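I would like the entire structure built from these sequences, with the hints used as guidance.
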Amino acid sequence: MKYRFLTLVVMAAVSRMALADNVTRVDLGSQVLRVSQPLNEVFGQQPVTLPALCKTDCNNVKVKWEVVAPLLPGAVQTPGVYRFDSGRKGIALQIDAPQGGRQVEADQPLSLKVGLVRTEQAVEAGSLPMTVPLLKWTLVRQGGDASAMDSGEIVVTGTLTAGSCEPKEGTLTFRLPPVQRADLQKTVPGQPVKGVEAKQSIAVTCTPGVASKLSALFQARTAEGNPGIVLSDENPGVGFMVTDDVKKQTILWDRSQALEYPIPATGQTQIPLTAFYTPTGKPVEAGKVSAQAQFTIDYQ
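Numbering (the UniProt record's numbering) for the sequence shown: 1 to 300.
In short, the hints are calculated from the structure, not lab data. Just so we're clear, the structure is a prediction, and the values are computed from it rather than from any experiment. Hints should not be assumed to be uniformly reliable.
[Unchecked claim] Here are the simulated EDC-like pairs of lysine to aspartate or glutamate, each with C-alpha atoms no more than 20 Å apart in a straight line: (1) 113 x 66; (2) 247 x 234; (3) 194 x 183; (4) 168 x 66.
Okay, structure coming up:
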């Protein structure tokens, strides 16, 4: 049996803040972009706390914010929310300033939020080449000397890694032993011929944390009125059926029934399947029988 899969996984990172020489460096650490992550929504958002920027004589002293790097082209601008091009396709970096970017008191700690945003389905991996400052803060005194008292900058760095979910085998082949014509004739269509079977497994390996479950849909040429029977190519009276040995049910091949399976934290999962002969209700002829079917896996 053949199947195809489509998944996009991105790992990114957000970690602690360090303050030195009025430069606040935010290093991005190990965050995972899940397969189901919507476009234009922040993920991996982390708080960054700046200590009080004014130490003495802070009466009427405010913190003023200024963007010092190009913003992401085409992004919808919201006051106090700054979205920058990360330098990697499909990923933006977002900084949320306190109080919507308005001037705030300088003698109190300030909290920023730093996160990543998926802007496209396709994502480029690699280091975030953002070594230049993104935001600048400046201390200004209201109603007095308008000159800046002090200033500093926000710099963000990090690494983006693309993971994936990969099947162990590109094609599953079930090789059933020969079946007696008499056994087929005494079996009800849609029921398995007992004692004649073949086993295989869908084995998938995912980057840990990328997906929590998979969903499979199955498709084949089926018997009229019975989507659980896969028709053989050579013999109209002989069909096949496949059971899911985890859920203990017959697979339907008309894409009407999505089967979901959990993916553990290790990223390794295996779904055992068993194939059987089954009659279709038409005359059974002797000879070779074979069939092809397909299933599609989505990861969430």
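Hints versus structure:
no.: 1; hint: 113 x 66; verdict: holds (16 Å)
no.: 2; hint: 247 x 234; verdict: violated (31 Å)
no.: 3; hint: 194 x 183; verdict: holds (8 Å)
no.: 4; hint: 168 x 66; verdict: violated (51 Å)
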